[in-house]
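In the order they appear, the protein sequences are chains E and G.
Take the first sequence: its letters are residues 106 to 299, numbered as in our numbering.
Take the second sequence: its letters are residues 8 to 806, numbered as in our numbering.
A few of these clues could be false.
Unchecked claim - Each pair of labels, with its calculated beta carbon distance range:
| hint | chain 1 | residue 1 | chain 2 | residue 2 | range |
| --- | --- | --- | --- | --- | --- |
| 1 | E | ASP179 | G | GLU736 | 27 to 33 Å |
| 2 | G | GLU358 | E | LYS185 | 52 to 58 Å |
| 3 | G | THR332 | E | ARG124 | 47 to 53 Å |
| 4 | G | LYS144 | E | ASP179 | 45 to 51 Å |
| 5 | E | LYS239 | G | VAL252 | 21 to 27 Å |
| 6 | E | GLY136 | G | GLN30 | 48 to 54 Å |
| 7 | E | GLU148 | G | ASN644 | 36 to 42 Å |
| 8 | G | LYS335 | E | ASP140 | 36 to 42 Å |
| 9 | G | LYS785 | E | ASP140 | 41 to 47 Å |
| 10 | E | GLU113 | G | GLU729 | 29 to 35 Å |
| 11 | E | ALA144 | G | PRO48 | 43 to 49 Å |
Said to hold, decoys possible - Straight line, CA to CA, 20 Å or less: simulated EDC-like cross-link-like pairs of lysine to aspartate or glutamate:
| hint | chain 1 | residue 1 | chain 2 | residue 2 |
| --- | --- | --- | --- | --- |
| 12 | G | LYS245 | E | ASP140 |
| 13 | G | LYS612 | E | GLU132 |
| 14 | G | LYS77 | E | ASP281 |
| 15 | G | LYS250 | E | GLU241 |
| 16 | G | LYS612 | E | ASP237 |
| 17 | E | LYS247 | G | GLU284 |
| 18 | G | LYS653 | E | GLU132 |
| 19 | E | LYS207 | G | GLU651 |
| 20 | G | LYS121 | E | ASP281 |
| 21 | G | LYS793 | G | GLU651 |
| 22 | G | LYS612 | E | GLU241 |
Since the hints were derived computationally from the structure, they do not count as laboratory data.
Note that beta-carbon positions come from the ideal geometry of N, C-alpha and C, so glycine has one too.
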Amino acid sequence: MVFTKFYENPPVDRKEVLRYAGCRDEEAVFGKLLDECIAEAEEGLSLKVCYSVFDVKIRAELCDFGAFSVKSKDLAENLKDCKRAVVFAATAGVGIDRLIAKYGSLAPSKAVMLQALGAERIEALCDAFCGDIKKEMNCETKPRFSPGYGDLDLSSQKDIFSVLNCEKHIGLTLNDSMLMSPSKSVTAIMGIIG
Amino acid sequence: MDFIEFSKENVICFDGGTGTLLQEKGLMPGEHPEFWNITHPDVITDVHKAYFDAGSNVVCTNTFGANSLKFSESELEEIIKSAVNNAKNAAKLSKAPQEKFVALDVGPSGKLLKPLGDLGFEDAVAVFAQTVKLGVKYGADLILIETMNDCYETKAALLAAKENSSLPVIVSNAYGENGKLMTGAPPEAMVALAEGMGAFAVGANCSLGPKQLLPVAEKLLENASVPVIIKPNAGLPKSVDGKTVFDVDEKEFSEEMEKLLNMGVRIVGGCCGTTPEYIKALREKIGKTKPVPVEKKNITVVSSYACAVEFGKEPVLIGERINPTGKKRFKQALLENDVGYILSEGIGQQEKGAHVLDVNVGLPEIDEKKMLTEAVKELQAVVDLPLQIDTADVKAMESALRIYNGKAMINSVNGKKESMEAVFPLVKKYGGVVVALTLDENGIPETARGRVEVAKKILKTAEKYGIDKKDIIFDTLALTVSADGKAAGTTLEAVKRVKEELGAHTSLGVSNVSFGLPSRGTVNGLFFALALENGLSAAIVNPYSADIMKTYLAYMALKGFDVNCERYISAAQSFSESIISENGGKTEENGKESGENELKTAIIKGLKEKAAACTKKLLEKKSALDIINEQIIPALNTVGEGFENKTVYLPQLLISAETAKSAFEVIKSAQAGKENGENKGNFILATVKGDIHDIGKNIVKLLLQNYGYNVIDLGKDVPPEEIAKTAVEYRAPLVGLSALMTTTVPAMEETIKLLKKEAPWCKIVVGGAVLTKDYADKIGADKYAKDAMETVRFAQQII
């Protein structure tokens, strides 16, 4: 069964946004631009996660989740102490993509800052979700692992999309090139220890 | 009995969820339920029969994801054939007494449409068309387009259904907790779109429980003149002791649904988590309620993907600035294919308070159909206001209406037979509110009565095409008062009579009235006020005009549209500023003597307004070329070197570049139409085919333009052939290609090969997140640039 969670906007880690934008933490120079970006982006952010819990069997490089399986040495290593795993997809919504597109031609400086803000938002969402899962399931977890990490092929996106039905649950779609729309989105597998 | 006939007297009961039921019968996560139509026809038929037995009038085929993106052609045909058969067999097997119908279920494609995703609008139409054709072929009674969370995809599906069938089409969207679709449309915008295109019914399903959908249902009922459908989930799924349960049971579900029935919802059913038990309880409630008649609402409304604008409440301002007539700078932008300029005009007008944007790109030298379609696509990607498609070219009009994301305003039709025959079929097919000019074969009637007569004729003809009065707005034509002292009076009288005698809305191009007079703003402002007082519903205006905006805001305050005069008060400050600038720009900032390097400093510091003001001042005593060479380029060099030495960060570099652009914009406006002698050479830029990322490319473009290159920006997802063709056409010495994704690097390689063949003289520079120097060498590029500055440096070596 696939579950859905909605999140309010967690506080913005400004330092982290500036880091993503490739700048040093210089509030004096970038503070105003960042403020503008946060104010404009806020309304359009729609933070959602859909997820499902699977039993995991590891056989050498093969990680078998029942409904799907993937071959990856690195993921197998990551999940070696786990009998179950949470497979999830998270998105910050289309609003921020629209803003990035808007400023892409009008004011690329803002587009760059919004990109960075989006990256920070989706990471913050994943952190919040993973924290909740730990609490709800009263367990320890492994660091989340996404398609494209290590030797986990990007094509495993297809499996994750098909078991989670992301389009229907959170409006997240997969492009032919295995990238996601909305772009500020993450799919990942998080092992549950024990 | 015919479905439409049946719906007139009865509330229609749909079925409930199937996904959960099939999972109970062994459907695995990730398995396509659509295949079960073929592999488990008995199971699917049983589920359908259980719904008919519980009292459903309509069962939806098990084809939610049945489309050509997921299945091969032969699989798709087999799936839909079996699916319709299973539902029809269930209807035969069930002994329940009610009328029974089978709806072809059409769910989302699973892809997001361009520009947010990678599925083209016409591709989406083609995908849905295939499903619809098969549904019709195998005998579905109606079509349900459901769970769509994007307005644009909904339009694609509805268009496909209308073009390929004559069955009733029901449109049902998935709304979020904020009462809007994922891509932003509120219910009233979806009603406008769906009704405009001839949907039989409109509504909501999935994502929320019946209680949470109630506000959405209210909005739908307020606006819809067609039946409203609501199919909620059984609340939200929760995990209890390892089992999945939905938090609304059948009793609560049916009680909540009863409220909706009493409010006027005419088509009901369930979505995720609902079962035949829910439908049975719902059927009992239907038996106890009397169907509420569907009322015609007579709402004149246009919509975008994010909002609906209604006429007849507050006056609607239609921004007129996206139009080349009399604007040299705009003409230049069109000829240069400078979409960025058009976008900035759109966003600027929105910021000034326009509610709708008129889009006119007609110039004798350009391909209007292509340009108008392009402009609409680009505008609707970044501006959330409804657009008014303004063209005399019917082909351009159709092309733009087709890809428009919402219900458009159309400018215009008139009383000539030829005009009505060309435009009305488009209004009928694509939906829209059309501006009708009160003139015909005999010209513009001199009297108000004459214009009202033309309006009557237009209404009568529209009716024959099935177009309602609410979808026509009359323009009673503001003529030049300096040529005829009675002109304004006639126009105003006609506005009043159209409203009072015909009960129709009106719009005027206000500024025509003052043509040839000095101090036109004063005349325009007062004429606008008089027209509003005579009942004008909308006006095509320049939102940058202080006279027009003051009149509008004062009118709103005086007529009680502006609670506590808040909008007037907050805008009043900008009035005084604009008066100052009208009086010669003596604000403190501008009053300072401009120092030698003031422009240079402004660019380095990224002060846009100041840079523009300095440039204006410098232009009084220096040539454009001197300003560029002595101030702008040195400033850019300083920042550019800082970036290369890593003392300046990318956002700073960009802010300076944008500031330089604002200085260039002043120079361009002053010199529009003249050669400004700064063109160093043609540089073609494109993001390669399949790739939809363009920030990097836009950054490169901005810097190149600042350094005086004429950038021909082909946009994103550009096929190799188009890039090669353009390189030949411009005999461009330089082409820049961008790719962000590993999957699109082959497209880059293909483009380079073609360029080497078709335009062997040109140098190719490539960049993008996935590229490296080695890779660039391997695919035959002349240069790998790690960032925008490096591209500029390379260009400087070539030209």
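For each hint, the structure was consulted:
no., hint, in the structure
1, E/ASP179 with G/GLU736: 27 to 33 Å, "violated (49 Å)"
2, G/GLU358 with E/LYS185: 52 to 58 Å, "holds (56 Å)"
3, G/THR332 with E/ARG124: 47 to 53 Å, "holds (49 Å)"
4, G/LYS144 with E/ASP179: 45 to 51 Å, "holds (49 Å)"
5, E/LYS239 with G/VAL252: 21 to 27 Å, "holds (23 Å)"
6, E/GLY136 with G/GLN30: 48 to 54 Å, "holds (51 Å)"
7, E/GLU148 with G/ASN644: 36 to 42 Å, "holds (39 Å)"
8, G/LYS335 with E/ASP140: 36 to 42 Å, "holds (37 Å)"
9, G/LYS785 with E/ASP140: 41 to 47 Å, "holds (44 Å)"
10, E/GLU113 with G/GLU729: 29 to 35 Å, "violated (45 Å)"
11, E/ALA144 with G/PRO48: 43 to 49 Å, "violated (56 Å)"
12, G/LYS245 with E/ASP140, "violated (38 Å)"
13, G/LYS612 with E/GLU132, "holds (15 Å)"
14, G/LYS77 with E/ASP281, "holds (12 Å)"
15, G/LYS250 with E/GLU241, "holds (15 Å)"
16, G/LYS612 with E/ASP237, "violated (44 Å)"
17, E/LYS247 with G/GLU284, "violated (42 Å)"
18, G/LYS653 with E/GLU132, "holds (18 Å)"
19, E/LYS207 with G/GLU651, "violated (27 Å)"
20, G/LYS121 with E/ASP281, "holds (13 Å)"
21, G/LYS793 with G/GLU651, "holds (11 Å)"
22, G/LYS612 with E/GLU241, "violated (50 Å)"
Of the hints listed earlier, those the structure fails to meet are numbers 1, 10, 11, 12, 16, 17, 19 and 22, in rising order.
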